[in-house]
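Chemist: Residue strings, one per chain:
There are 2 protein chains.
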Amino acid sequence: MTRLDEADGHIVVINTFTVDPAKAEELLRVLVEGTEQVVSKRRGFVSANWHMAEDKRHVTNYAQWRDRGAIAAMLADPEVRDHMLRAGALIDRVDPIVYRLRRTFSTPE
Amino acid sequence: MTRLDEADGHIVVINTFTVDPAKAEELLRVLVEGTEQVVSKRRGFVSANWHMAEDKRHVTNYAQWRDRGAIAAMLADPEVRDHMLRAGALIDRVDPIVYRLRRTFSTPE
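Line by line, the protein sequences are chains S and A.
Sequential numbering from 636 applies to the first sequence in our numbering.
Sequential numbering from 636 applies to the second sequence in our numbering.
What the hints contain is simulated information worked out from the structure, not anything from laboratory work.
Worth double-checking, as some hints may not be accurate.
In this list, chains with the same sequence are indistinguishable; a pair is considered to hold if it fits within one copy or across any two.
Said to hold, decoys possible - Result set (SDA-like, lysine to any residue): computed pairs, CA atoms no more than 25 angstroms apart in a straight line:
hint	residue 1	residue 2
1	691	661
2	676	709
3	676	640
4	676	742
5	691	739
6	676	644
7	658	641
8	691	701
9	691	679
10	691	705
11	658	714
12	691	648
13	676	729
14	676	723
15	676	739
16	658	731
17	676	637
18	691	709
19	691	706
20	658	722
21	658	669
22	691	704
23	658	732
24	676	638
25	658	738
26	691	708
27	691	740
28	658	737
The whole structure should be built from the sequences, with the hints applied where relevant.
Modeler: Right, here's the structure in full:
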């Protein structure tokens, strides 16, 4: 389970992959595998949350990291790059955007 | 606080607003106000999580809803539309994408 809380100070990266819908499930498998085996074990990793768009044109990760240095180290890691190349062969484009969470509204659960 | 959990069955809408960085803080204010006063009180609302991109070119909401009917009713609501028009005057474009959360990885906290 992932918690979103303005007070946690995490850096948020929303990474949107645009894909041929026929390849979307394969792409998700590759990305989940890379997260499980490599990215989630890197320093500063907080969470990854993989989403499939209803029309299967997008596969998107809502990711949290402790700091910018951890993101830079992860991106420079050869094992991470290998997984990225596998994913890159399946996609049309990728749009990563770096954020801070500013305001959360949530119903009581 | 918002929780992301594959088992909750929520519909996720990630709504990315592209904006002139000089207008980004004003846009965030308008969108947070609309969420607080109107959208968060609508049936089926679960959460809204407003993010500011580090380069201020994007303001993005990670939103959860109970079902598609609740989203349709919210979009048809005249009060919601009034707030959308206010936000619409400030933005270059908006890209809403509808998802299901498929797989979450999270460090223990």
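Chemist: Which numbered hints does this structure break?
Modeler: none
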